[in-house]
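*Asks:* Below, each chain spelled out in residue letters.
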Amino acid sequence: MSWQKNPILFDVHRQPSKIELKQDASAKRSSRLRILQSIICLWVVLLVGKLYYLQLSDLSTWRSGAVKQHVSSIELASERGAIFDRFGRMLAVSVPTGSVWARPNSISDKNLAAEKLATLLEASKEDILSKLSSGAPFVWIKRQIPRVKADQIIKAGLDGVGYFIESRRYYPYNHAASRLLGRVGTDGQGLSGIEALHEAKLQGENLKVEFTRDGVGQAIASLETASHKLQLPKGESIELTIDAELQMIVDQELEKGWSNANSQAALAVMIDADTGEILAMSQSAPINFNIDKVSDKGDLTNLVVETVFEPGSILKPMVIAGAIEAGVISGEEVIDCEQGRFRFGKHTIRDVKPNDTLSVEQVVVKSSNIGMSKIGQQMGKELLYKTLSSFGFGQDSALNLAGESAGILRPVHSWAAVDVATHSFGQGVAITPLQMVRAISAIANGGELPELSIIKQPNHGISDRTRVLSTRTANRVQEMMYSVVGSEGGTGFRARIPGVKIGGKTGTAQRAREDGRGYEPDSYISSFVGFADATELGIPQKLALLVVIDRPDTDTIYGGTLAAPVFQKIIQRSLSILGGREALDFPDSAEYNQPYQEMVPEVPSYSDMIRPVSTNGNFS
Amino acid sequence: MAVYLDYQSVYSRRKPWVCSIRTQILAAAVLLAVLGFRVWIKVESTQLGYQLAEQRQMAIDLDMQRRELELHLSVLTRPDNLRQMAVERLGLKPFSSNQVRRVFVSQGL
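Protein sequence lines, in the order shown, are assigned to chains A and Y. This note's numbering applies: residue 1 is where the first sequence begins, and numbers increase by one. This note's numbering applies: residue 1 is where the second sequence begins, and numbers increase by one.
Each hint should be verified, as a subset may be incorrect.
What the hints assert, rightly or not - Okay, derived cross-link-like pairs now, DSSO-like style, lysine-lysine, Cα gap no bigger than 30 angstroms in a straight line:
| no. | chain 1 | residue 1 | chain 2 | residue 2 |
| --- | --- | --- | --- | --- |
| 1 | A | 381 | A | 116 |
| 2 | A | 501 | A | 353 |
| 3 | A | 381 | A | 353 |
| 4 | Y | 42 | A | 208 |
| 5 | A | 501 | A | 256 |
| 6 | Y | 42 | A | 256 |
| 7 | A | 68 | A | 116 |
| 8 | A | 208 | A | 68 |
| 9 | A | 28 | A | 18 |
| 10 | A | 149 | A | 116 |
| 11 | A | 50 | Y | 93 |
| 12 | A | 68 | A | 201 |
| 13 | A | 501 | Y | 93 |
| 14 | A | 68 | Y | 42 |
| 15 | A | 234 | A | 208 |
Honestly, the hints are just simulated from the structure, not real lab data. Computed from a predicted structure; not experimentally measured.
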């Protein structure tokens with residue numbers, strides 16, 4: 001090809017043809033399209049890259065960020081389970097309350113706010129003002145007030161003031177069985193008693209609920225997971241063997257007895273002698289967790305569970321039962337009581353009121369220590385130890401209550417010769433109230449030692465008993481105990497209730513020093529243990545009850561004077577309740593409140609002969 | 001002898017699929033309907049979510065009230081309170097045994 005063959009190419013002045021223009025425009029457009037295509041491709045690549053970064057590479061970060069923006073979660077606190085008595089009456093229940101808080105930095109006029117809050121909360125304005133002026137960013141104004149009151153504060157429209165819902169434990173029966181139930185702290189955790197023992201069961205598990213929030217913060221529940229969320233979390237309830245009505249009676253009568261005796265402390269425990277179920281457990285001074293502030297940990301001590309004390313004469317029925325059961329005595333013997341003074345090795349055992357000879361029954365009725373020493377001597381230390389062990393002394397009751405003691409029953413190899421005598425009338429050995437009332441139940445129910453229980457169990461009953469005495473022996477000892485109350489000159493006559501068979505035993509023991517070195521001068525423990533058989537009145541339950549008055553400070557210190565009347569009142573009122581809630585017309589007990597005759601030879605001084613048992617000293 | 005199948009020529013001879021306008025409109029309508037239905041579902045579920053959240057709050061409030069009322073009931077039905085109300089408000093007195101006659105019913109009845 002030569003340039004001459006196409007001269008047009010060289011004609012620069014020639015106008016381009018339409019085709020040429022079209023081709024030129026097409027070329028330009030094609031070029032722009034390619035640029036646009038490139039830009040779009042680049043944009044798509046960037047977009048895909050960004051999508052990859054957002055959706056795959058850094059997914060978790062962005063997802064969590066989004067969830068934080070839209071999804072909130074709240075933890076619904078589990079409602080603490082209630083505690084009921086044996087008939088489903090509520091003894092402890094958690095109720096929502098309002099805890100009022102303030103953010104002082106958000107309050108412009110602290111003085112005015114303090115004044116309004118003081119009026120609404122019936123509190124001191126100065127106290128509230130000092131909290132608001134403390135400089136802290138967040139302060140509690142008042143915790144656990146009724147929600148109605150907390151709502152009034154919100155309605156008052158105070159800036160920087162609000163309230164949270166908090167659960168508070170209430171006790172509808174006030175101080176009834178308060179130390180057994182135990183206390184719950186401000187944060188809702190059980191601190192003592194049943195509340196602490198069954199913390200996990202009562203507390204339950206909190207429930208975390210997630211929900212979406214819209215732009216203005218309003219909650220939108222998730223449909224996918226909402227089905228179970230109306231079921232609010234709740235701890236399990238516990239049903240005790242306590243009878244709230246009997247518990248109130250025991251509380252009231254014990255408090256009267258405690259007050260009358262002007263004593264340091266007093267306790268009482270009542271059980272069903274057949275089943276071993278604890279029906280009431282009380283101590284003085286009473287404490288009401290609804291209103292009383294607990295400043296000392298000792299205020300929470302459950303004396304019925306934690307106390308050990310030297311029982312004195314109330315141990316005698318068990319020793320007699322062991323002797324009859326083993327065939328050491330028949331119960332029909334006559335014992336020479338040495339006119340009130342009996343030489344035992346290097347020691348002298350004394351009765352306060354001298355006796356010549358007494359039958360075994362009279363030894364119990366008149367509470368002769370010399371008679372008991374001779375029976376103990378005949379038994380020997382091995383049999384005496386075995387007898388006391390078989391009644392559960394020296395062993396804990398398996399209730400698993402905090403602080404429960406096994407008492408002190410020294411191993412038989414460490415007994416001195418005189419211990420046989422002292423143990424037989426209840427000195428030199430330390431027991432718990434629960435052990436004593438359980439042991440007396442074995443005599444009351446015909447010879448079977450019941451398993452104690454405080455938590456109601458459907459299958460708990462007479463099958464959980466261990467035979468420790470034959471029925472014949474148990475009946476024989478029962479007769480002796482009926483005589484203590486019913487016979488002329490019996491030390492327990494103040495426990496009599498006409499129409500009801502009351503068996504019992506009085507006790508007045510010297511109080512051992514806490515360091516174990518001898519006995520406290522003029523310091524006594526007065527007690528009465530017994531049982532009531534009211535089958536003739538149509539009441540099938542046999543009630544066993546122990547009343548202990550610690551360190552009385554009155555003209556008299558005897559168990560028959562101080563503890564027996566309390567026993568009588570409690571049993572009388574309890575039987576009225578148990579008798580189908582019918583009226584049981586008991587005569588006025590005033591006739592039994594005649595002046596106490598000094599007939600109870602229970603408290604000679606044994607300081608020279610007994611190795612006292614150091615008790616835990618927390619009786620008061 | 002090898003036989004070569006010319007796929008390109010075979011496919012090129014097929015009648016090209018032609019989507020009519022009507023079909024396109026129908027497809028678009030279905031798509032829109034599906035999308036609309038999904039939006040409606042979302043709106044409804046959100047509304048139900050609001051209601052559910054309200055109901056849940058109401059359930060919590062009612063549960064709190066229940067607990068408060070149970071406490072009140074327990075206090076009001078306490079035997080000593082009932083006794084006090086019976087005596088003070090209604091003027092009742094404890095009955096004596098001569099006001100009661102026991103009726104024993106045999107088991108057959």
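*Asks:* With reference to the structure, classify each hint as holding or not holding.
*Replies:* Taking the hints in turn, this is what the structure says about them:
With a CA separation close to 75 angstroms, the supplied pair residue 381(A) and residue 116(A) exceeds the 30 angstroms bound. Distance check on the hinted pair: residue 501(A) and residue 353(A) sit about 27 angstroms apart at the alpha-carbon level, within 30 angstroms; holds. With a CA separation close to 27 angstroms, the supplied pair residue 381(A) and residue 353(A) stays within the 30 angstroms bound. For the given pair, residue 42(Y) sits about 25 angstroms from residue 208(A) by alpha-carbon distance, which is consistent with the 30 angstroms threshold.
Proximity of residue 501(A) to residue 256(A) is assessed by CA-CA distance (about 24 angstroms); at most 30 angstroms being required, the pair is judged to hold. Distance hint between residue 42(Y) and residue 256(A) is unfulfilled; the C-alpha atoms sit about 71 angstroms from each other, more than 30 angstroms. At most 30 angstroms may separate the alpha-carbon atoms for a hinted pair to count; residue 68(A) and residue 116(A) exceed this at roughly 37 angstroms. Simply put, residue 208(A) and residue 68(A) have alpha-carbon atoms about 15 angstroms apart, close enough for the 30 angstroms limit, and the pair holds.
Simply put, residue 28(A) and residue 18(A) have alpha-carbon atoms about 15 angstroms apart, close enough for the 30 angstroms limit, and the pair holds. Pair hint residue 149(A) plus residue 116(A) holds up; C-alpha atoms about 13 angstroms apart against a cutoff of 30 angstroms. Between residue 50(A) and residue 93(Y) the alpha-carbon distance is near 88 angstroms, which puts this suggested pair outside the 30 angstroms criterion. Pair hint residue 68(A) plus residue 201(A) does not hold up; C-alpha atoms about 34 angstroms apart against a cutoff of 30 angstroms.
The suggested pairing of residue 501(A) with residue 93(Y) holds, with an alpha-carbon distance near 28 angstroms, which does not exceed 30 angstroms. For the given pair, residue 68(A) sits about 21 angstroms from residue 42(Y) by alpha-carbon distance, which is consistent with the 30 angstroms threshold. With a C-alpha separation of about 13 angstroms, the suggested pairing of residue 234(A) with residue 208(A) holds against the 30 angstroms cut-off.
Hint check: violations occur at hints 1, 6, 7, 11, 12; the rest are consistent with the structure.
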